[in-house]
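Chain by chain, the residues:
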Amino acid sequence: MGIWPDAKESSLKRRPLTIITALAILYAAVAILSFSIGRYPVGPWDLIRILLSRVFPITPDWTPQAESVVFSIRLPRIIASSLIGAGLSLSGLIFQIIFRNPMVSPDVLGTSTGAGFGAALALLWALPSYTMPTAAFIMGIAAVLLVWLIASRVPSNQVLGLILGGIMISSLFQSGTSFIKLVADPEDELPAITYFLMGSLSGAGMDEVKILLPPSIIAIIPMILLSWRMNLLSLPEEEALSLGVSTKLIRGIAIASATLLTASSVAVAGVIGWVGLVIPHITRMAVGSDARRTIPASLLLGAAFLTAVDTLSRSVTYSEIPIGILTSFIGAPFFLYLIVKEGRRNEA
Amino acid sequence: MRLEANGLSFSYSRRDVLSDISFTIEDGRSLALLGRNGSGKTTLLRLLLGFLKPDEGEVLIDGRNAEEMTGRERARCIAYIPQSSSSVYAYSVLEMVMMGCAPALSIFQKPGKADREKAEEALETLGIQDLGRRSVNAISGGERQLALIARALTQNARILLLDEPTSSLDYSNQLLVMETLEKLRDRGYSILFSTHNPEQALMNATDVLILQHHRLSFLGKPEGLLDGEKLEKLYGRGLCIKRVNTGENERIICIPR
Numbered sequence: 000m001g002i003w004p005d006a007k008e009s010s011l012k013r014r015p016l017t018i019i020t021a022l023a024i025l026y027a028a029v030a031i032l033s034f035s036i037g038r039y040p041v042g043p044w045d046l047i048r049i050l051l052s053r054v055f056p057i058t059p060d061w062t063p064q065a066e067s068v069v070f071s072i073r074l075p076r077i078i079a080s081s082l083i084g085a086g087l088s089l090s091g092l093i094f095q096i097i098f099r100n101p102m103v104s105p106d107v108l109g110t111s112t113g114a115g116f117g118a119a120l121a122l123l124w125a126l127p128s129y130t131m132p133t134a135a136f137i138m139g140i141a142a143v144l145l146v147w148l149i150a151s152r153v154p155s156n157q158v159l160g161l162i163l164g165g166i167m168i169s170s171l172f173q174s175g176t177s178f179i180k181l182v183a184d185p186e187d188e189l190p191a192i193t194y195f196l197m198g199s200l201s202g203a204g205m206d207e208v209k210i211l212l213p214p215s216i217i218a219i220i221p222m223i224l225l226s227w228r229m230n231l232l233s234l235p236e237e238e239a240l241s242l243g244v245s246t247k248l249i250r251g252i253a254i255a256s257a258t259l260l261t262a263s264s265v266a267v268a269g270v271i272g273w274v275g276l277v278i279p280h281i282t283r284m285a286v287g288s289d290a291r292r293t294i295p296a297s298l299l300l301g302a303a304f305l306t307a308v309d310t311l312s313r314s315v316t317y318s319e320i321p322i323g324i325l326t327s328f329i330g331a332p333f334f335l336y337l338i339v340k341e342g343r344r345n346e347a
Numbered sequence: 000m001r002l003e004a005n006g007l008s009f010s011y012s013r014r015d016v017l018s019d020i021s022f023t024i025e026d027g028r029s030l031a032l033l034g035r036n037g038s039g040k041t042t043l044l045r046l047l048l049g050f051l052k053p054d055e056g057e058v059l060i061d062g063r064n065a066e067e068m069t070g071r072e073r074a075r076c077i078a079y080i081p082q083s084s085s086s087v088y089a090y091s092v093l094e095m096v097m098m099g100c101a102p103a104l105s106i107f108q109k110p111g112k113a114d115r116e117k118a119e120e121a122l123e124t125l126g127i128q129d130l131g132r133r134s135v136n137a138i139s140g141g142e143r144q145l146a147l148i149a150r151a152l153t154q155n156a157r158i159l160l161l162d163e164p165t166s167s168l169d170y171s172n173q174l175l176v177m178e179t180l181e182k183l184r185d186r187g188y189s190i191l192f193s194t195h196n197p198e199q200a201l202m203n204a205t206d207v208l209i210l211q212h213h214r215l216s217f218l219g220k221p222e223g224l225l226d227g228e229k230l231e232k233l234y235g236r237g238l239c240i241k242r243v244n245t246g247e248n249e250r251i252i253c254i255p256r
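Residue numbers (numbering that gives the first Met the number 0), protein chains in the order written: chain A, 0 to 347; chain B, 0 to 256.
Please keep in mind that the hints were generated in silico from the structure rather than gathered at the bench. Treat the hints with caution; some may be incorrect.
Covered stretches of chain B, as calculated for chain A (at least 3 residues, CB under 8 angstroms) [what the hints assert, rightly or not]: (1) 78-85; (2) 94-100.
Cut-off 20 angstroms, straight-line C-alpha distance, at most; resulting in silico cross-link-like pairs (EDC-like, lysine to aspartate or glutamate) [what the hints assert, rightly or not]: (3) K52/B <-> E237/A; (4) K52/B <-> E236/A; (5) K247/A <-> E72/B.
We put the CB at the ideal spot given by N, CA and C, even for glycine.
Can you build the whole structure from these sequences, using the hints too?
See below:
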């Protein structure tokens with residue numbers, strides 16, 4: 000039995016393509032629902048016509064406010080939540096494959112805290128907003144490399160090295176962020192940094208989408224192209240090498256992609272935890288372990304999940320709940336449920 | 000395909016791990032590698048696979064220096080079959096066997112229908128075609144070892160290197176794996192396997208190589224070990240080595256005195 004017996008025989012017998020199609024439909028449904036729900040409700044019929052009006056000549060009989068809400072507020076926010084959800088899930092999946100450990104995620108490996116530190120630094124120094132993703136990326140990749148370095152020094156138990164290294168590096172960057180908060184101006188910088196780090200999409204507009212889109216494309220396309228090769232990276236190093244795989248090259252591309260996805264999401268929406276850990280797990284349970292299927296499935300499920308949670312975060316209470324708080328509230332107990340359920344299944 | 004080791008030496012932090020090892024494996028031959036823990040068996044396998052660079056000597060594959068070959072070229076000649084262990088992720092047996100197509104595909108290429116058929120053919124050759132859709136973590140250790148051999152066959156390599164292929168298997172599975180290796184040898188594969196069981200070397204291999212104190216202490220046919228001297232020296236205890244007629248064939252057995 001593997002460390003995490005995620006794909007049972009039954010799940011391998013299911014039709015993965017059908018599941019991926021179902022996930023695509025689920026995502027579309029969530030997105031449409033998210034367009035309609037909010038403080039300014041837009042009916043589904045109006046919504047469809049407003050969206051189609053940009054393509055077909057439809058005479059508008061809806062209010063200009065409805066059109067403005069759909070195109071200026073909800074569209075960029077849905078695009079942003081989809082890209083971030085898809086990106087964080089893929090990032091988690093990549094880390095889990097290349098570190099051959101289903102318990103790692105951008106949070107556990109310190110990537111998120113590293114990227115958060117970089118973003119907080121950019122906020123403290125009031126750097127232009129377009130530099131924030133770069134600062135987040137540099138610190139995010141520094142965190143991963145440090146954790147990797149620590150784990151490679153514990154060759155007898157690399158999993159332990161990864162987890163301990165991740166805790167240590169996370170704590171180091173966390174302290175760095177605390178120091179930034181300490182020296183930040185309590186009138187404006189401190190609240191901005193604190194709220195930002197809680198994780199929120201409340202400020203997501205077209206500018207944020209423009210920040211997210213290029214790194215998402217740059218990171219997702221090579222991963223889809225390399226999806227079958229990614230399976231080989233989950234084999235022990237010497238097995239992969241004996242199959243003629245250029246492990247260093249592919250692992251390098253994968254780490255850069257995963258870090259780029261996490262860093263750009265942190266730069267736009269702060270630290271949103273749990274998505275990168277929980278979604279890849281559910282994905283493997285549904286479609287098995289082959290990365291040709293887990294990559295598209297986790298992109299779709301991640302996008303659907305975060306769009307749904309973001310819709311909740313902006314509609315449940317009068318003032319918005321930061322999405323990072325909600326993903327933890329939903330993700331942590333759900334993950335516990337998965338562990339207990341799997342444990343019982345293994346005993347049976 | 001011919002695998003040749005010429006005067007291989009390797010040291011680690013100035014400590015000799017292997018010194019001046021030479022041997023050849025030809026088509027249709029199987030070489031059993033015997034040696035106590037720490038004698039350098041795994042290091043020798045790693046040198047042959049190109050994971051380590053020898054301090055001295057060279058590895059030749061069909062006369063060509065292995066160091067001059069790319070990883071993919073080498074993988075098309077030599078397949079490595081590790082000890083059977085569970086996988087972190089539960090791939091189906093067929094998915095795992097198809098990974099053997101990697102050396103034949105370029106970096107962005109994915110296996111197609113022909114590759115799938117090749118993998119299914121390998122499963123059939125080993126008689127485990129019914130396992131294709133099952134998870135690699137839901138089959139027995141012996142079946143998993145056969146699946147790893149099937150992956151090596153899909154790889155199209157004619158030289159198979161196995162690191163203690165039966166170490167974690169029950170008796171029945173040990174016999175199954177060793178019999179499979181004999182069949183593959185008879186089909187012309189060149190096989191090298193390391194083992195802690197001298198009986199496997201005596202019964203299932205055409206040649207035996209003994210590593211002792213990091214040096215080659217014996218290289219020859221199993222019959223050359225019948226007097227027991229070499230094996231007694233290796234394991235440090237009295238052994239009784241005998242030919243036994245099983246009624247169907249003749250076997251060499253090894254039991255402690």
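Going down the list of hints, with the structure as the test:
A count of 4 residues in the segment 78-85 of chain B with a Cβ less than 8 angstroms from any Cβ of chain A is obtained; the coverage claim is therefore met, three being the minimum. Counting residues of the segment 94-100 of chain B whose CB falls under 8 angstroms from any CB of chain A gives 3; the rule of at least 3 is met. Between the alpha carbons of K52/B and E237/A the distance comes to roughly 14 angstroms, so the proposed pair stays at or under 20 angstroms and holds. Between K52/B and E236/A the alpha-carbon distance is near 17 angstroms, which keeps this suggested pair within the 20 angstroms criterion.
Our distance criterion of 20 angstroms between C-alpha atoms is met by K247/A and E72/B, whose separation comes to about 17 angstroms.
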